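Novice: Residue numbering for the sequence shown follows UniProt numbering, beginning at 1 and increasing consecutively.
Calculated directly from the structure, the hints in this document are not laboratory data.
Model, not experiment: these values are computed from the prediction.
Ideal Cβ positions, reconstructed from N, Cα and C, are used throughout, including at glycine.
Hints are not guaranteed to be accurate.
What the hints assert, rightly or not - Straight line, CA to CA, 20 Å or less: simulated SDA-like cross-link-like pairs of lysine to any residue:
#1 Lys-536 / Ala-663
#2 Lys-338 / Gly-323
#3 Lys-536 / Met-287
#4 Lys-288 / Ser-372
#5 Lys-437 / Trp-524
#6 Lys-536 / Gly-136
#7 Lys-614 / Gln-637
#8 Lys-165 / Glu-113
#9 Lys-674 / Gly-323
#10 Lys-91 / Gly-280
#11 Lys-288 / Gln-350
#12 Lys-271 / Lys-600
#13 Lys-466 / Leu-361
#14 Lys-467 / Gln-350
#15 Lys-288 / Thr-330
#16 Lys-600 / Leu-617
#17 Lys-674 / Gln-337
#18 Lys-674 / Gly-342
#19 Lys-355 / Ala-385
#20 Lys-377 / Glu-362
#21 Lys-614 / Gly-280
#22 Lys-355 / Lys-466
#23 Lys-344 / Pro-414
#24 Lys-344 / Met-287
#25 Lys-310 / Leu-119
#26 Lys-271 / Asp-615
#27 Lys-432 / Glu-308
#28 Lys-338 / Ala-385
#29 Lys-614 / Ala-667
#30 Lys-344 / Asn-454
#31 Lys-310 / Asp-121
#32 Lys-310 / Thr-157
To be verified - Per label pair, the in silico range of CB-to-CB distance:
#33 Glu-357 / Glu-81: 39 to 47 Å
#34 Gly-473 / Ser-602: 46 to 54 Å
#35 Lys-476 / Ser-545: 54 to 62 Å
#36 Glu-623 / Gln-350: 31 to 39 Å
#37 Ala-391 / Glu-278: 30 to 38 Å
#38 Ser-233 / Lys-165: 41 to 49 Å
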Amino acid sequence: LTMEMKDSGSVVLTAYHPHSPARIPGMEQSFAQDIPPGHSPTSRKSLSRCRRINRMLSNESAPPAFSRSNSQASVDSTSMEDFWCEVESIKESREDGSEEAMLLEFKPADEGELEAEWLQDVGLSTLISGAEEEDGQALLSTLTRTQAAAVQKRYNTYTQTLRKKNKHTVRDVRDIFGTSDSSPTFETVPVSPVSSNGIQLPGQKPLWKSVSSKSCLDCGIDKGSPSIMEELSYDVSFSESISVLPKTQEWPKNQRFKKEDSALPKFVVRKSRFGLTEVGDLSPEDMKKIRYLSLIELTAFYDALGVELKRNRVERVRGRENGLFGVPLTVLLENDQKKVPGIKVPLIFQKLLLKLEETGLETEGILRVPGSASRVKNLRQELEAKFCEDAFDWDQVRNNDAAGLLKMFIRELPSPLFTVEYLPAFITLVEKISKIKLQLQALHLLIMLMPEANRDTAKAFLQFLKKVVANEGKNKMNLWNVSMIVAPNLFIYKGKRANQQEMQAAATTAHIVRLLIRYQDILWTVPSFLISQVRKMNEAAMNNSKRQLMFDKGVRKLLRRKTMERERPERPEGAVTFPPYLQSDIPEGVIRVYAPLHSKVSMAIQLNSQTKAKDILARFHCENSHGSSQNVRGQIQSLHEIGGNIGQHCLDPDAFMLDVYRANPQAEWVIKPKAS
1 LTMEMKDSGS
11 VVLTAYHPHS
21 PARIPGMEQS
31 FAQDIPPGHS
41 PTSRKSLSRC
51 RRINRMLSNE
61 SAPPAFSRSN
71 SQASVDSTSM
81 EDFWCEVESI
91 KESREDGSEE
101 AMLLEFKPAD
111 EGELEAEWLQ
121 DVGLSTLISG
131 AEEEDGQALL
141 STLTRTQAAA
151 VQKRYNTYTQ
161 TLRKKNKHTV
171 RDVRDIFGTS
181 DSSPTFETVP
191 VSPVSSNGIQ
201 LPGQKPLWKS
211 VSSKSCLDCG
221 IDKGSPSIME
231 ELSYDVSFSE
241 SISVLPKTQE
251 WPKNQRFKKE
261 DSALPKFVVR
271 KSRFGLTEVG
281 DLSPEDMKKI
291 RYLSLIELTA
301 FYDALGVELK
311 RNRVERVRGR
321 ENGLFGVPLT
331 VLLENDQKKV
341 PGIKVPLIFQ
351 KLLLKLEETG
361 LETEGILRVP
371 GSASRVKNLR
381 QELEAKFCED
391 AFDWDQVRNN
401 DAAGLLKMFI
411 RELPSPLFTV
421 EYLPAFITLV
431 EKISKIKLQL
441 QALHLLIMLM
451 PEANRDTAKA
461 FLQFLKKVVA
471 NEGKNKMNLW
481 NVSMIVAPNL
491 FIYKGKRANQ
501 QEMQAAATTA
511 HIVRLLIRYQ
521 DILWTVPSFL
531 ISQVRKMNEA
541 AMNNSKRQLM
551 FDKGVRKLLR
561 RKTMERERPE
571 RPEGAVTFPP
581 YLQSDIPEGV
591 IRVYAPLHSK
601 VSMAIQLNSQ
611 TKAKDILARF
621 HCENSHGSSQ
631 NVRGQIQSLH
641 EIGGNIGQHC
651 LDPDAFMLDV
661 YRANPQAEWV
671 IKPKAS
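Let's have the full structure, built from the sequences with the hints guiding it.
Specialist: The structure is reproduced here in structure tokens:
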């Protein structure tokens, strides 16, 4: 059962598929109360109402029959007050007509449809169509044991469903995976007691090492926090590491987390010899493959934990095709890129963030204290009319009003910033997974899954929130405060129904936002095991193409052999023709680096085991310090790996070049500005 809302402008948390929790007496009556338009949510009446809502969701008011959220049970009622006041503020904003109503409808899934959609989303639509396409074969050839098991499980369900429905013949799973049984079992790979991604087995003492931040990426460090950090590794897939945990292990039924910022653990990512790779360092083509692999890995990860990976199926709602608010991110970017080529975050969103960063970071209660509803409404209308002509006066905008516009922009996106489809997975990672390290790994894969426009916009937003928290001494907004305010703006959408179980997800969503803010530097780093799989995928595709090309050439040569033999000059006996990349006179371990923007455009460099990318950059800078233009000297240059088994890869300055060269000997090496 779901809770009917008597007004049309209510909000719904999208965390769950609708279930049937028991109704709580008085809940419908409380939400049905009318509030005069423009009534300030910080007034006594509205504030007391926030507290009533909060009390209803506390331990004392919930009936014994209701199964409460694990995370909600761990947070006292007063700490949730900011969340419910923000929900109330959003509700009032919609009641007075400041925001446009838009309802996302979930569509039920027929048997087998979810599996078919999953196979399509991971780039394996060929398993459904039966076509022998190279991309699908290349992807399958790179999967780990647990990833292959996840694909096999979904494909088994799909084929069994089709057979029940007496539809067309489908390929047998044994033909795809080469197994003798349609439901094979996978043996656990023996590993050391502490696996490579730092999961500690029960009954063992921690073996974490204190590490230096110079050679790693660290997150979650506070002045008053312990100096010992927990090390993460991206060398082995998360699901493979999980598979070594004993099957008898049970997650705590009532996990608890503290709202203090210092309660979050400190994680550090040790750089491998390949360095670290950020999301923007890879080509769009390779990032598409990262998305395929991330969904497969996420599914395998949840399978290994015994957790169901839930997913929403939503009827696509087309947003406005022009304007600023309520317009899809892709449409905004398409329009903005006509003015600023290559832009990744909508201009209006950038300007709102810039306004707040310039004048609002030290404002007490920023984000929490609402602006004037009437002013925000008028500013929105004025922005819609004047922003594109650069005629809007930003000096007139007060900081709290700018914060209100920022939150309104996020709420009014036709599809939530973190996408409707996987919002249930975000909630599940907190409510079903107890260890923060495992939560972080699941969250990491979900970030890799996001569409490019959503991921880039979310990154800009979280960077701003990090700056807000950094100014806590003046604005009185710590990490938990900010998370409480931001959560309902990210994890709610407009609708007519809300069930009690969804409302209980308040603390859960706030904890997710807290993880996003605190660990954002880790979350926007591409795991190295996924990059390795992309390399293997590209190599498999290249080998398939070469075989096809050789076959085509063989047919043509057979048809034209006599003619070609007449035209071909005589060659010495025993001569061998090498492919172009082997005809070069560059010896092993030497690379030729190109720098088209410098006066000295190329240089052959001998690599050794200690040569790093930054060493090559420094040598070029020294050689070209006087000959390059002022513009080139002012730009931040990076060394790029292009071609071979990668599309394009902006290298970490600390990457050891001999290791990268050996991983991709056919690549070209180019120095150019890093994409912003």
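Novice: CA of Lys-344 to CA of Asn-454, is that 20 Å or under?
Specialist: It holds: about 10 Å lies between the C-alpha atoms, which stays within 20 Å.
Novice: Decide if the proposed pair is consistent with the structure: Lys-614 and Ala-667, CA atoms, cutoff 20 Å inclusive.
Specialist: holds (18 Å)
Novice: Straight-line Cα separation of Lys-437 and Trp-524 no greater than 20 Å?
Specialist: Distance ~16 Å between Lys-437 and Trp-524 Cα, so the pair holds.
Novice: Does Lys-536 pair with Ala-663 here, judged by a C-alpha cut-off of 20 Å?
Specialist: holds (10 Å)
Novice: Below or equal to 20 Å on CA atoms is what counts here, so check Lys-310 against Thr-157.
Specialist: With a Cα-Cα distance of about 16 Å, the restraint between Lys-310 and Thr-157 holds, given a limit of 20 Å.
Novice: Can you tell me whether the CB distance of Gly-473 to Ser-602 sits inside 46 to 54 Å?
Specialist: holds (51 Å)
Novice: Lys-338 and Gly-323 were given as a pair; does the straight-line alpha-carbon distance stay at or below 20 Å?
Specialist: Holds. Lys-338 to Gly-323 sits at ~15 Å (cutoff 20 Å).
Novice: Taken at face value, is the distance from the CA of Gly-323 to the CA of Lys-674 at most 20 Å?
Specialist: violated (31 Å)
Novice: Taken at face value, is the distance from the CA of Pro-414 to the CA of Lys-344 at most 20 Å?
Specialist: It holds: about 18 Å lies between the C-alpha atoms, which stays within 20 Å.
Novice: Is Lys-91 close enough to Gly-280, meaning Cα to Cα at most 20 Å?
Specialist: Answer violated: Lys-91 to Gly-280 is near 37 Å, above 20 Å.
Novice: Does Leu-617 lie within 20 Å of Lys-600 when you go C-alpha to C-alpha?
Specialist: Answer holds: Lys-600 to Leu-617 is near 13 Å, not above 20 Å.
Novice: At the C-beta level, are Ser-233 and Lys-165 separated by a distance inside 41 to 49 Å?
Specialist: Once the Cβ atoms are compared, 45 Å apart, the range 41 to 49 Å for Lys-165 and Ser-233 holds.
In summary, the structure is inconsistent with hints 4, 9, 10, 11, 12, 20 and 33 from the numbered list given earlier, while agreeing with the others.
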